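Top to bottom, those sequences are chains Z and Y. Sequential numbering from 1 applies to the first sequence in this note's numbering. Sequential numbering from 1 applies to the second sequence in this note's numbering.
If you're looking for bench data, these hints aren't it; they were derived computationally from the structure. Be aware that a few hints might be false.
What the hints assert, rightly or not - Covered by chain Y, according to a simulated footprint, are these stretches of chain Z (three or more residues, beta-carbon under 8 Å):
| id | segment |
| --- | --- |
| 1 | 27–40 |
| 2 | 131–137 |
To be verified - Listing some non-contacts, in silico: residues in chain Z with all C-beta distances to chain Y over 12 Å:
| id | residue |
| --- | --- |
| 3 | 4 |
| 4 | 56 |
| 5 | 72 |
| 6 | 91 |
| 7 | 94 |
| 8 | 97 |
| 9 | 98 |
| 10 | 140 |
| 11 | 142 |
| 12 | 144 |
| 13 | 154 |
| 14 | 162 |
| 15 | 192 |
| 16 | 194 |
Keep in mind that this is a model prediction, so the values were computed, not measured. All residues carry an ideal CB built from backbone N, CA and C; glycine is no exception.
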Amino acid sequence: MIVFAILVIVIFNFAFSGSQQTMVSLTPGMLWVTFAFAGVLSLNRAFIQEKEDNCLEGLMVCPVSRETIYLGKMLGSLFFMLLVEVVVLPVFALLFNVNVISLPLIIITILATLGFVTIGTLFSALAVNTKAREMVLPILFFPIVSPVIISAVSASGRVLGGESWGDIYSWLGIIAAFDIIFLVVAYLVFSVVIDE
Amino acid sequence: MATNGPAIEVKELTKFFGNHHALDGIDLSVEPGKTLAVFGPNGAGKTTLIKILASIMKPSAGEVFINGLNLKDNAELVRARIGIVSHQIFLYSNLTAYENLLFYSRMYDIADYKQRIYQVVSMLGMQSRLYDRIGTLSRGMQQRFSIARCLLHKPSIILLDEPETGLDQYAISMLWDTLKEDGSQKLTTVFTSHHLERGLNTCDYLIILNRGKIAHQEPSKGLDLASLKAVYRNCTGAGGENTK
């Protein structure tokens with residue numbers, strides 16, 4: 001995942017050139033395309049080991065709720081996606097000479113990543129039993145998660161454009177609202193998905 | 001939790017997949033410490049019954065009580081008392097046997113897990129392969145570690161879904177000996193099998209499932225193999241070609 005994300009950043013570095021202002025305006029899109037692609041790779045792997053080794057039923061007979069299994073998988077995906085972002089952000093700053101390591105941008109990244117993995121883990125459980133799961137997951141998942149990605153891109157653009165906290169609050173609010181909705185829905189629906 | 005009632009009680013258990021009734025109004029009861037054998041042809045509903053008892057699958061209708069607890073309302077409590085061995089081993093192939101057992105020890109919140117892992121692995125004679133990756137072991141060895149996983153948390157009820165798949169004669173004997181020997185308590189066991197002779201010798205009661213219904217049930221005491229085969233043929237309409 002990390003290698004893939006860095007490779008995408010390097011390709012973007014060769015593909016786009018221009019003034020500092022142009023690079024700043026392109027940065028949110030490049031960053032979130034990279035995070036989204038790397039994130040889907042991570043989500044595709046979330047249940048694959050259980051599928052290949054038939055271990056999902058092994059988990060299901062353990063004395064934990066289905067929701068606990070969901071939270072464990074979701075936190076695992078969140079950890080790996082944040083790890084990718086921790087590596088990607090400094091590399092991006094180095095290659096594009098854009099200051100992407102700032103508190104507002106880090107908050108946006110964490111909130112949007114949370115929304116991404118909460119609903120992504122549910123779709124991963126849904127897609128793992130399909131034949132073309134690597135294709136099914138992004139097809140099902142990206143339309144649902146697009147409000148979070150769009151909000152993250154917009155908020156990141158405003159931060160990089162030097163706008164104040166007040167200007168990004170509304171975008172942060174949208175991301176946080178989707179985080180909560182996705183978390184509640186995924187938490188409640190996961191047991192139905194896994195039992196079927 | 002010890003109760004005076006049956007260890008397993010099933011009432012009007014029904015499971016359908018679309019229009020197909022895998023289980024159709026099953027009623028059964030297993031007393032604590034007793035062994036129930038479930039026979040039947042392929043597609044009779046044996047695996048579905050085991051999966052519902054293990055709470056892997058939800059029934060379409062009916063109720064299951066384990067040690068007096070309704071499975072629907074107390075699934076986590078019930079799971080802590082159940083061990084399951086299936087023809088699927090439920091072990092991660094890229095982890096070692098020890099890592100797998102460590103993982104399940106934590107899932108079952110076993111306090112003295114290292115000692116318990118070595119204890120169950122010793123019972124199964126698999127100490128020398130404990131640090132090998134599961135994927136590198138033979139099917140029979142994998143199944144033995146699956147039995148170790150099942151016994152880790154000292155369950156009072158064991159569910160076995162054709163547990164002899166892939167095991168040689170020595171390992172099959174070891175499986176049944178281990179289930180008898182583990183701890184002072186006598187385990188309540190439900191197992192499915194196509195092997196009528198071994199099933200008859202092992203169980204206290206037996207049922208024959210056919211097309212999702214209990215076609216026959218009786219205690220095994222006093223029943224001989226020839227009679228069982230005749231009953232099996234009558235119940236299932238099969239010539240017993242898949243049974244031994």
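Handout entry: Numbers of unmet hints, in rising order
Key = 1, 2, 4, 5, 15, 16
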